[in-house]
Amino acid sequence: MGEFLPRIPLASWIDQFLDWLIAHFGSVFDGITTFLEGIVDGIVNGLGFIPSIILAVLFGLVAWWVSNKKIAIFSIIGFLIIDYLGYWNPMLQMLALVVTSVVISIVIGIPIGIWASQKESVRRIVTPILDFMQTMPAFVYLLPAIFFFNIGVVPGIVASVIFSMPPTIRLTILGIRQVPEDLIEATEAFGSTTGQKLMKVQIPLAMPTIMAGINQSIMLALSMVVIASMVGAPGLGEEVYRAVTQLKTGVGVEAGLAIVIVAIILDRITQHAGKQKQGGNES
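Read left to right, the sequence shown gives residues 1 to 283 (the UniProt record's numbering).
Hints listed in this document are in silico derivations from the structure and should not be mistaken for laboratory results.
As the structure is a computational prediction, the values presented were derived from the model and not from experiment.
Treat each hint with caution, since some may be false.
[Claimed, not checked] With beta-carbon atoms standing in for the labels, derived distance ranges: (1) LYS69 / ILE151: 40 to 48 Å; (2) ILE22 / VAL244: 25 to 33 Å; (3) PRO51 / THR135: 39 to 47 Å; (4) GLY256 / ILE22: 33 to 41 Å; (5) GLY48 / ALA138: 22 to 30 Å.
Even glycine gets a Cβ: it sits at the ideal position worked out from N, Cα and C.
All chains, full assembly: derive it from the sequences and hints.
Here's what the structure looks like:
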């Protein structure tokens, strides 16, 4: 069949488009690289300036305030275990990458989700794009990221943002669209504008669902740390990747355990934050 049909030169078209982007917007990508590297370095240096035991206690206090005493104790013990295993600095590097990726996902994803929840035409456009983002293998995101931003932490951030953003957008749309219609009609009856209805009724009631989306984005960003290390992103993912390539099982288990501890802490804290939002709305 291929002998009778012409081959579509999709790869050539993509390469030409990427070359055009670099030729015309190379300075923009360089600026983004410098900006994101500065953010990550600032987070790592800022957290690294604080002694590990004090930082572990601070994390525990935040966990206690957001969740409960059990999560707080687990957070303190978990971070101290990471420190005593010798992975404190790699953990901070990983945390900086994850925090930066998730913040970008939230800043971009929530407004898109709000817009799509209000406009059916936008939702129909956004939904297949999200399907594409979630089904495309994560390794594929690294190729254009490396092309635009070179080797380092920035391609890892870009790939993590693309991979982790869909849950935030989807659950923002879902949360706002699930607000009871009678409440919306009541606000309209009192003369609320579209902005007032959105900011004072729909978004507050949708916050538990939005927090669930943020929770999923955090977990997906954490799942990308090993893949990000393949393009030069530092952190615990780099330790795991090095252990795999050098067949150091013990080192791989240690670094993997540290990732799991951080994942559990962040998961429990964000879950309880979502429940607090739900409880506040119900009261």
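Do the hints match the structure? See the list:
A C-beta distance of roughly 44 Å is found between LYS69 and ILE151, which places it inside the suggested range of 40 to 48 Å. A hinted range of 25 to 33 Å for the beta carbons of ILE22 and VAL244 is consistent with their spacing of about 32 Å. Taking 39 to 47 Å as the suggested C-beta distance range, the pair PRO51 and THR135 conforms, at roughly 44 Å. As the Cβ distance of GLY256 to ILE22 is approximately 36 Å, the hint placing it in 33 to 41 Å holds.
Look at GLY48 against ALA138: about 28 Å separates their beta carbons, and that is inside 22 to 30 Å.
The earlier numbered hints are all upheld by this structure, with none contradicted.
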